[in-house]
Amino acid sequence: MKFLCSVSLYLLFSFTLVAQSWQVSSPSNKIRAAIQRIEPDGTLKYSVEYLDNNQTQTIIEQSNLGVSRIDQSFYNGFTFENSSTAVIDENYTMSIGKQLQLRNNANEITLNFRNSNNSKFQVIFRAYNDGVALRYRFPETSNSTYYVTEDKTTFQIPVNNSKTWIQGYDNFRPVYEKLYQNGVSLNQAINQFNGLAFPALFQTPNAWILLTEADLDEKFFASHLSSYFGNGTFSVATPSPDDGNSYAAYASSTLPWTMPWRVIMIGKQLNNVVESNLVSHVSKASQIANTTWIQPGISTWSWWSDLGSPTNFTKLKTFIDLAAELNLPYSLIDANWNQMGNGGDINDLITYANSKNVKLWLWYNSGGPSNDQPEQPRDLMHIQSARRQEFARIHALGIKGVKIDYFQSDKQELMKLYIDILKDAADYELMVNFHGNVIPKGWSRTYPNLVAMEAVKGSEAYIFDGSFLPNAPRHHTILPFTRNVIGPMDYTPTIIGWGREVYHLTTDVHEIALLNTFESGVTHLVDMVGSYTNLPTLAKTIISNLPTAWDETRFVEGFPGTHVVMARRKGENWYISGINGENQVRNITFPLSFIATGDYSKQLLSDGATPRDIVSSEVNYQVQSTNTINITMQPYGGFMMVLKRAACQTTHTITSQISNTTKYEASETIQATNIISSTANVTYDAAKSILLTAGFQTQQGAVFKAYIDGCGNQ
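Under this note's numbering, think of the first position of the sequence shown as 253, with each following residue one higher.
Treat the hints with care, as some may be off.
Cut-off 30 Å, straight-line C-alpha distance, at most; resulting in silico cross-link-like pairs (DSS-like, lysine-lysine) [said to hold, decoys possible]:
1) Lys822 / Lys957
2) Lys282 / Lys404
3) Lys520 / Lys822
4) Lys668 / Lys520
5) Lys569 / Lys282
6) Lys915 / Lys940
7) Lys372 / Lys608
8) Lys822 / Lys896
9) Lys854 / Lys915
10) Lys854 / Lys792
11) Lys430 / Lys471
12) Lys792 / Lys915
13) Lys567 / Lys608
14) Lys471 / Lys372
None of these hints come from the bench; they were simulated from the model.
Using the sequences and the hints, build the whole thing.
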């Protein structure tokens with residue numbers, strides 16, 4: 253038999269006739285995507301498998317591919333033309349996120365087809381060690397406008413013994429602020445909503461799976477999932493015709509036209525999903541050449557504790573004072589600041605903030621036809637000339653960022669607005685925080701000035717939704733496995749006590765731990781000034797020094813809906829937090845084998861006798877690979893721990909690859925078996941000896957220096 257392009261002819265066990273098939277495997281060869289063209293109708297299908305100990309396990313069962321255009325269909329009648337493959341391997345740097353130095357490594361296959369009208373259609377698959385991504389492309393060239401009305405992609409999840417953590421979709425003005433269903437069996441329908449939202453987490457017998465989309469640009473709408481009917485089929489859905497005030501529910505573009513990636517994160521363990529950067533990997537590289545002005549950090553915020561405060565100069569000064577006292581870089585001035593009175597206006601407030609070495613962020617209503625919210629300033633963002641004029645004005649005043657609210661539509665016109673705002677804000681060196689918005693789509697890689705996004709049921713729900721209080725602790729333990737996996741999440745955490753007369757079940761330590769458990773490039777302290785000034789000294793110290801962008805993130809232990817322990821590294825310091833989402837005491841033990849051995853100070857905040865009590869301690873602590881930590885979290889409690897590396901170590905044993913600029917100093921010996929990557933600039937400085945043993949390597953382009961000198965001398 254003659255084969256074309258090594259394509260085989262065979263019958264599936266379901267007796268479906270497969271005319272042709274292709275596959276692409278991850279660099280580790282453990283994850284494999286298979287694509288098939290089916291006879292007699294020429295449809296395209298795909299499936300995903302995991303190869304484990306010589307066993308092939310199904311991750312995604314046979315699922316549909318294709319789209320529908322107004323002028324013709326691209327989901328059947330396909331004829332195969334040719335294929336090409338590529339290896340994706342690049343290093344890149346993020347400005348925010350769970351890991352700043354990243355490697356994008358995958359194998360890619362591009363399949364070229366023609367439909368029954370002889371029009372070209374490309375299907376592109378990438379296989380990563382932690383998942384699979386797929387997208388479509390119309391490769392022909394035309395200045396005419398074409399319209400995609402439906403994405404036919406499905407994800408066929410194995411049903412038996414499988415569960416999902418998934419959020420309902422708003423059929424009108426979606427803002428992704430519903431609670432997640434908590435481990436619902438896939439044997440039952442989930443159709444009480446108007447569709448379901450990305451991201452969606454699944455626990456199946458063979459793997460954990462998280463579905464989302466990425467690299468969305470101005471040429472497409474934001475997708476979600478259709479309602480689920482208990483058969484394992486999750487289908488991509490278009491925006492509701494009702495949202496966006498008459499904007500079209502389909503996508504339009506000239507050709508060529510590349511559509512977003514559909515992303516399938518896959519892991520045998522939960523950490524493979526939680527720690528994944530797949531959304532960033534598949535997104536376009538940074539479009540901003542100089543990113544040194546993008547500075548993540550913690551901000552004070554007055555609105556939650558006093559909704560009218562943004563119009564009150566005197567009240568806002570106290571939040572600037574709080575930022576100065578805690579040595580925080582920012583304070584956010586929220587809605588209606590242009591109506592400020594009681595002692596000054598925004599110009600006076602900027603002058604006052606500058607005197608305290610605090611920089612301001614300003615809130616804006618996105619305006620335009622997509623919303624009818626009256627809060628001001630509005631109608632300055634949706635028209636480019638007005639937007640650029642305003643950005644130029646506030647940049648000259650020293651404003652560092654803008655929070656833009658009330659997008660409330662997933663249609664293409666709004667996707668274009670998001671991206672246009674990010675481009676213009678970058679021109680005026682303004683960071684951006686979107687609210688009332690779509691979920692992250694990988695834009696923080698392409699436009700690194702996007703440092704925060706809402707798209708979450710956050711602390712403001714305590715004020716407006718009475719049903720939130722009993723659900724919040726569990727909700728907190730689901731978010732690190734779902735929403736926060738795909739990008740920054742502006743939850744606005746850390747309610748201390750009940751001074752605002754907004755009650756919460758979580759302990760004060762649980763609330764402080766959220767600052768580290770959740771990830772956002774700019775994190776806003778939600779509560780009143782007095783809530784923080786009255787904290788124990790160590791709690792204030794931890795908040796003052798807490799980073800919001802990370803060199804490394806590790807999921808330590810937990811399970812969605814019960815508890816979570818997260819560890820994040822900045823430099824040589826580790827920040828470890830835990831939260832308990834249940835109304836029972838939880839005792840946990842975890843190893844410190846992932847932390848470099850050596851001398852540290854250990855700062856710890858733990859639950860006290862009552863939910864309002866904070867027990868604090870600080871001791872010298874030596875980390876060994878065999879160390880374990882034992883913690884008791886009270887009902888709805890938590891803990892916050894900082895392991896701060898001592899200024900000078902006796903010895904260093906370095907085994908992990910180094911990708912950034914760093915210096916290791918020791919009063920005696922450094923022993924290294926590590927790789928120094930091409931992006932690194934590394935110095936080893938020991939007083940007695942430096943031993944570079946088998947496995948040590950400096951890649952081309954790396955800078956490496958070694959001194960026999962000792963701590964603080966070189």
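field: Pair hint outcome, Lys822 versus Lys957 [Cα-Cα no greater than 30 Å]
entry: Given pair Lys822, Lys957 holds - Cα atoms ~22 Å apart, limit 30 Å.
task: Below or equal to 30 Å on CA atoms is what counts here, so check Lys915 against Lys940.
output: The hint holds at about 16 Å.
- prompt: Are Lys520 and Lys822 close enough, with their CA atoms no more than 30 Å apart?
  reply: 27 Å, holds
- request: Sort out whether Lys792 lies within 30 Å of Lys854, counting only the CA atoms.
  value: 15 Å, holds
query: Going straight from one Cα to the other, do Lys372 and Lys608 come out at no more than 30 Å?
result: Given pair Lys372, Lys608 is violated - Cα atoms ~61 Å apart, limit 30 Å.
- request: For the pair we were handed, Lys567 and Lys608, check the Cα-Cα distance against 30 Å.
  value: Within the cut-off at roughly 15 Å; holds.
Proposed proximity, Lys520 with Lys668 (alpha carbon, max 30 Å): This hinted pair is violated, its Cα atoms lying about 37 Å apart.
query: Within a Cα-Cα threshold of 30 Å, do Lys569 and Lys282 meet the stated pairing?
result: 56 Å, violated
message: Checking one constraint from the list: CA of Lys430 to CA of Lys471, max 30 Å. Satisfied?
response: Satisfied, since the Cα-Cα distance of roughly 27 Å is no more than 30 Å.
task: Measure nothing beyond the straight line between the CA atoms of Lys282 and Lys404; if it is 30 Å or shorter, mark the hint as holding.
output: 27 Å, holds
message: Just to be careful, I want the Cα atoms of Lys854 and Lys915 compared with a cutoff of 30 Å; is the pair within it?
response: Satisfied, since the Cα-Cα distance of roughly 22 Å is no more than 30 Å.
- prompt: Lys471 and Lys372: Cα distance at most 30 Å?
  reply: Holds, because 18 Å separates the two Cα atoms, which is no more than 30 Å.
Hints 4, 5, 7 from the earlier list are contradicted by this structure; the remaining hints agree with it.
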